[in-house]
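If you read the protein sequences in the order shown, they are chains L and Z. Counting in the numbering used here, the first sequence runs without a single skipped number right up to 399 at its last residue. Counting in the numbering used here, the second sequence runs without a single skipped number right up to 395 at its last residue.
Quick caveat, the hints were computed from the structure, so don't treat them as lab data. Some clues are possibly wrong.
[As the list claims (entries may be wrong)] Chain Z stretches covered by chain L per the calculated footprint, using a threshold of three residues with CB under 8 Å from any CB of chain L:
1. 151 to 157
2. 264 to 270
[Said to hold, decoys possible] Pulled from the structure, derived: some chain Z residues nowhere near chain L, Cβ distances all over 10 Å:
3. L6
4. L57
5. K161
6. E164
7. F174
8. L248
9. E324
10. E325
11. Q326
12. L352
13. G362
14. G376
15. E387
16. R392
Model, not experiment: these values are computed from the prediction. Backbone N, C-alpha and C define an ideal beta-carbon position, used for all residues, glycine too.
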Amino acid sequence: MPHAFLSGVRVVSLTTGIAGPIAGRLLASYGAEVFKVESRAGGLDAFRMYGADPDASPRFVEVNLNTRSVTLNLKKPRGIALLKELVARSDVVIENFRPGVLAALGLASEDLQAVKEDLVVIHMPGLGSTGPQARYGTWGPTLAAYSGLTYLWNHPRGDRPIGSQGVYPDYLAGILTPSIVLSALIARRRTGKGRVVDLAQVDLTAYALGTTLLEVLVNGHEPEPVGNTSAYAVPHDCYECAGDDRWCVIAVEDDEQWRALCSVIGRSELAEDERFLGVARLRNRDDVDALLSDWTRRHEAAEVMNLLQAAGVPAGVVQSGLDLVADTHLEARGFIETVQHPVLGAIRLAGSPLKFSSGAHEPLSSSPPLGADNAYVITEVLGYERAQLERWEEEEVVY
Amino acid sequence: MLDDVLVLDLTDLKGQFAGRVLNDLGMRVVKVEPPGGDPCRRMPPFKDDVPGDESSLRFAFLNGGKESITLDIARPEGRELLLDLSRHADVVLESFPPGYLASLDLGYDVLSDRNPSIVVASVTGFGQYGPHKDYLAPDIVAVAMGGLMYISGDPALPPTKPPETQAFFYGSLFAVYGVLLALFARETTGEGRHVDCSIQESIATQEHTIREAATSGEAIVRHGSQHRSVAPASVFACKDGYVFLFVLGARHWEALLELWTDHPSVLDAPELVDISRRRALAPTLNPLVEEFTRRFERRELTQLLQERGIPCLPVNTPREFLDEEQTRQRQLVGVVSSGALGDYLAPRFPALFDGQRPAPSGGPPRRGEHNERVYGQLLGLAPDALESLSVRRVI
């Protein structure tokens, strides 16, 4: 068995929803021991509610893979004390509660570092741990709205902002956090020092809009949504294909690709038409889109992609979830994996987009039922007798 | 904090955000450009809308803080220089078409043979192998093929891609994690690795698209702004713009009705305390809720709802976001001092470390600005040797 990437790293995860749990999943699936701490006393991950029972929420399962489940009642002093004991034996604490929640329990960063001096603590609040709106309630879509992302994620000249149904700010924070954790752990080996990180999900979303923000800050512009178009490429859009809600994107970045496209769609006469060469093509976007749509509507999306890509023209099917599941390329790469769940059975889901020349992620496994790792944590990690665990269970401390 | 980690960044637009993030995490990043310069230098938007080799704001954002050297790796002398540089490097980032570096005899096996501890990360649209590996993948193709576009936007309109090059950014963030995993493991084993990062797959990790389709046999479809399982959770109009209101729990719903004293009595139906019931009725509920939200200005409504614990934030333009008191107090924006662009304001790294916002990254480097420093420091090349390489267009 090869050495796991992160073996020996222990993480306490006080997380709910998507952003924090995904960070935990990513660390756990590469070999860190991630203790997801919740409580039946009003401290369950909000995503457990998307299921028939708290252990059978598919959405919860997907974002919490490979983690261990521990229940500690933080409304009781002994619960707090046990959490601190666990922190003392860990390297990292990740949390994405509303700012102030942990501090009110006596679990502020300095309280945590008091029990483990070189602890790495990552807070992942929506709007940041400080500032006048720090304590505002936020979920992914509200942060997308606040950051400017929802405003920009639209077709031009729409009558109201739409954006996406999704929670992109959560996914951004979910993937950046593990990298911050590891960079802090590598630095700790050299300096011996821990670190407290305050990663505002909204700041990260804005960082991913960096060029747009420079347009405001440097040029004084008011950036508008551009939809699927590009300032320097035509055609560059999403084209309707044969079938119901079937689309293919096409992006032509130079004249060579344009000529190849003309040949594929049987309009070779346009290849040397000056209206469509060089920057002139940018001015004749509507004509280009019309003649291209006329062709794409008569073909299946996959056919459009394959014909164009074979000719060296960038194109891609706007894939639905069903397309992804049937994607032969993803299958060849083994991207979609199967996880066994005691209630839900076999679940197929997205694996890791990373492949290494040696080693891989750990086998993906469902997070266990709520509290399933209590005995392991209380007796093996913290060293108490099993009888003591049973008493704490009766007292609703381990609960 | 990691300034002894040296990254050689050979990427194009696909992977430059990865180098930017590694630099923001404290590593030294040297950008290796072809002698003619990175094509990204000529990509809009430009400072004052004037195109020029040193005025691209896109280039500035993606490359701020990096050093720049020029090198033609396709020439034998250039290839040797890259091998020499990689002996001193910890990480090589690249986003060439799969197989290109190997065709120059610069594949991972060659680099690791010279430097077994090197970590090489490849960021490409579809990864290094598989039937689509050679498919061209500008950002819009990767985001479409990854499944995020299909579920985004108004169902009555074509699917909508996110702004800028989010697929490249998101893939780059996974590549950064791959680099850190390899660096972390290297501390124990002493050995580097190759990391193959697929941008399509990075996007496909989002939003449960694969699991939902595999489980239910049905694809998630576009719902506009409406959250898939929470309601009311959408964009709502106010007097002066829009808010995103997110009514998750029963207590949020009850608090909303309490504030909305003259709400229609149909909303008192006990079953509406249940989130799945509210979601099923969202097409009916949302217009009613919007009659209420339209009575307020967006800031006023945000404050009223937040005081009652109900998540709600304004839909901001980028400028409105920058002007928020929250953004200002947290000093997200800082001054970058740059020769090429002059001093300018730019967003800084999104995290505070021990309560401090990291210093702004440097400005964008001029093409080959650090040739003397990098080739001199790392390879001991004297100015006259560099001059000779330059005349021969190797650097």
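Do the hints match the structure? See the list:
For the stretch 151 to 157 of chain Z, the assignment as covered by chain L holds, since 5 residues bring a beta-carbon within under 8 Å of that chain's beta-carbons and 3 suffice. For the stretch 264 to 270 of chain Z, the stated coverage by chain L is not satisfied: 0 residues place a CB nearer than 8 Å to a CB of that chain, which falls below the threshold of 3. No Cβ of chain L comes within 10 Å of the Cβ of Z:L6; the nearest lies about 14 Å off, and the non-interface call holds. The claim that Z:L57 lies off the interface is violated: its Cβ sits roughly 4 Å from the closest Cβ of chain L, which falls inside the 10 Å cut-off.
With 10 Å as the threshold on Cβ separation, the claim that Z:K161 sits away from chain L is violated: the shortest Cβ distance comes to roughly 5 Å. Its beta-carbon lying about 6 Å from the closest one in chain L, Z:E164 breaks the requirement of being farther than 10 Å from that chain. With a least beta-carbon separation of about 5 Å from chain L, Z:F174 fails to lie farther than 10 Å from that chain, contradicting its non-interface assignment. Look at Z:L248: its CB is around 7 Å from the nearest CB on chain L, not clear of 10 Å, so calling it non-interface is violated.
The Cβ of Z:E324 does not lie farther than 10 Å from every Cβ of chain L; its closest approach is about 7 Å, which violates its non-interface assignment. With a cut of 10 Å on Cβ distances, Z:E325 falls inside the contact zone with chain L, its closest approach being about 6 Å. Not every C-beta of chain L lies more than 10 Å from that of Z:Q326, the closest at about 4 Å, which undercuts listing it as non-interface. Its beta-carbon lying about 4 Å from the closest one in chain L, Z:L352 breaks the requirement of being farther than 10 Å from that chain.
Every CB of chain L lies more than 10 Å from the CB of Z:G362, the least distance being 15 Å, so the non-interface label holds. A cut-off of 10 Å between C-beta atoms confirms that Z:G376 is not in contact with chain L; the least separation is 26 Å. The Cβ of Z:E387 sits about 34 Å from the closest Cβ of chain L, beyond the 10 Å cut-off, so the non-interface label holds. No Cβ of chain L comes within 10 Å of the Cβ of Z:R392; the nearest lies about 28 Å off, and the non-interface call holds.
When each numbered hint is compared with the structure, violations occur for hints 2, 4, 5, 6, 7, 8, 9, 10, 11, 12.
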